[in-house]
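Heads up: the sequence lines are chains V and R, in that order.
Positions 1 to 264 (my numbering) are the ones given, in order, by the first sequence.
Positions 1001 to 1245 (my numbering) are the ones given, in order, by the second sequence.
Mixed in with the good hints there might be a few duds.
[Stated by the list, open to error] Think about it this way: if two alpha-carbon atoms lie no more than 25 Å apart in a straight line, the pair counts; the simulated BS3-like pairs of lysine-lysine are:
1. V:Lys164 x R:Lys1018
2. R:Lys1103 x V:Lys166
3. V:Lys217 x V:Lys137
4. R:Lys1002 x R:Lys1182
5. R:Lys1182 x V:Lys166
6. R:Lys1182 x R:Lys1103
7. V:Lys107 x V:Lys164
8. R:Lys1002 x V:Lys166
9. R:Lys1206 x R:Lys1181
10. V:Lys259 x R:Lys1018
11. V:Lys232 x V:Lys217
12. R:Lys1127 x V:Lys259
13. V:Lys177 x R:Lys1181
Simulated from the structure, these hints should not be mistaken for laboratory data.
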Amino acid sequence: MSNPSPEHLEYLKKAKLGKLLVLASQALILAAFFGAWELAARLKLIDAFIFSQPTRIINAAVSLAASGSLAKHIGATLWESVLGFVLSTVIGTLMAMLLWWNDFLKKTLNPYLVVLNSLPKTALAPIIIVWIGNNVKSVIFTAVMTSVIVTILTVLTGFMEVSKDKIKLVEAFGGTKRQVLSKVVLPASIPAIVNALEINIGLSFVGVMVGEFLVAKSGLGYLIIYGSQILKMDWVMLSIIILCALAAILHQLVVLFEKRIINQ
Amino acid sequence: MKNILELDSISKIYHDPKTETLALKDISFSVADGELLSIIGPSGCGKSTLLSIISGLVAPSSGEVRVLRENAALGYMLQQDHLFGWRTIFQNACLGLEIQKKKTPENLAHVHELLERYGLGDFKNSKPSQLSGGMRQRAALIRTLAVKPDILLLDEPFSALDYQTRLRVSAEIAEIIRQEKKTAVFVTHDISEAVAVSDRVAVLTKRPATLASIHEIKLSPGSAREAPEFRLFFNAIWKELGVNE
């Protein structure tokens, strides 16, 4: 395309404009939301003590950051979530491999997996705490529990959808079951695994929050619970906004990772 | 010519909880060394099953497949190229060697040579998606040839291609198989394709498939489609398939 036609230039211009318009509208929604919130608090339409307000949140952020506790809480939550979602992706994928390998095991365990998948895993959190103790291990365990079953099912579905003919091809070369797994099934299922990764980020946050609500002495979940108990709503709101940002960043990282893998 | 492959009254029964289906019944024929034999029959008659049985991937319910050369290697080519999207053409071509743990410098050189000889030299590091359908099919054939098979089993290898490409590629592949002096058993449902590329055509009946007849095609490969006798062979097989329907 050394010499684009005027029509093409027009098309490019339109496409660019459309994209800008969407971006501007997205920014506007965010600005309007925080603007309205701030305004409502200043005009005493809402009680800033209960509803907090953007400027108070910023102040809370500055003072918490100055004491170093903000970084500690963010670090704790981030660490627990990332560990939770990496662990559940690894464990879930390994379990899926086991079930793929052994058809008998897969058929036998299927109803249990289905029931466990529908069970709200957060219901297990109190048990986990009683069993494992009042510590970070419980938080991570809860995070893994929330996402590991759905990982097994997502990845296993990916494995089962690998074309029978591709498997036949490897078998025709005299390939063993192990080679079928390593040469075809696993590489062909990378998109399914990345997809599981994406689901796991959100679920892992859910698990970490529940865990932190119940046991933690640090982390954003702790800050939310503690803040609500002593009516420091600025802390609560601040934590939620940071959680949104963390989720967005992690999601973006997985999307980037996915793009790199697919382009390979 | 000496026989390299013999099928002795092959039968295959498929079982499912409701019923059993007799797919192949008492099929016997032999394939000579260096021959290109087509198997043709109505769709769903069990042609592919027969090929799977020859390859050893599926066991026959009764009967026996005998390969009359010691340590003869078989190569299988499927309906679609099934090149792996996450591998380059060269890596794809090496799949069989990799699985059989035979990636010796000598064998790798052979793969390079095959790719060069059949026009894929510039695409060794390309991904399959960057190649045309015909080129992909050639790459799939080279993947099969890389393990130096004595007998090639081709299961409708051109059915995923559009008609024009198919005409060219089927001639091309048959030419490569002859050049490499391989024996090939080729399953198809396209009569003209079978007549154009093979030395003999085995016609199967509809399910349960039995061997109806074997036609010897005495046309010079490469220009078979232009020969006046082409129609005669075509019609003879066409009639037989029609009768059996």
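Structure-based check of each hint:
1. Restraint check for Lys164 (chain V) and Lys1018 (chain R): the C-alpha separation of about 24 Å stays at or below 25 Å, so the hint holds.
2. Between Lys1103 (chain R) and Lys166 (chain V), the direct Cα distance comes to roughly 21 Å. Compliance with the 25 Å bound is thereby established for this hinted pair.
3. Between Lys217 (chain V) and Lys137 (chain V) the CA atoms are separated by roughly 12 Å; this keeps the pair inside 25 Å, and the hint holds.
4. In summary, the hint linking Lys1002 (chain R) to Lys1182 (chain R) is supported, as the alpha carbons are separated by about 13 Å, within the 25 Å threshold.
5. With a C-alpha separation of about 24 Å, the suggested pair Lys1182 (chain R) and Lys166 (chain V) falls inside the 25 Å cut-off, and the hint holds.
6. Straight-line distance between C-alpha atoms of Lys1182 (chain R) and Lys1103 (chain R) comes to about 21 Å, which keeps the hinted pair within the 25 Å bound.
7. With a CA separation close to 19 Å, the supplied pair Lys107 (chain V) and Lys164 (chain V) stays within the 25 Å bound.
8. For the proposed pair Lys1002 (chain R) and Lys166 (chain V), the alpha carbon gap of about 34 Å is over 25 Å, so the pair is violated.
9. Proposed proximity of Lys1206 (chain R) and Lys1181 (chain R) is contradicted: the alpha carbons are some 32 Å apart, above 25 Å.
10. For the hint linking Lys259 (chain V) to Lys1018 (chain R), the alpha-carbon distance of about 47 Å lies beyond 25 Å, and the restraint is violated.
11. Pair hint Lys232 (chain V) plus Lys217 (chain V) holds up; C-alpha atoms about 17 Å apart against a cutoff of 25 Å.
12. Distance check on the hinted pair: Lys1127 (chain R) and Lys259 (chain V) sit about 16 Å apart at the alpha-carbon level, within 25 Å; holds.
13. Under the criterion of a C-alpha separation no larger than 25 Å, the hint pairing Lys177 (chain V) with Lys1181 (chain R) is inconsistent with the structure, at around 32 Å.
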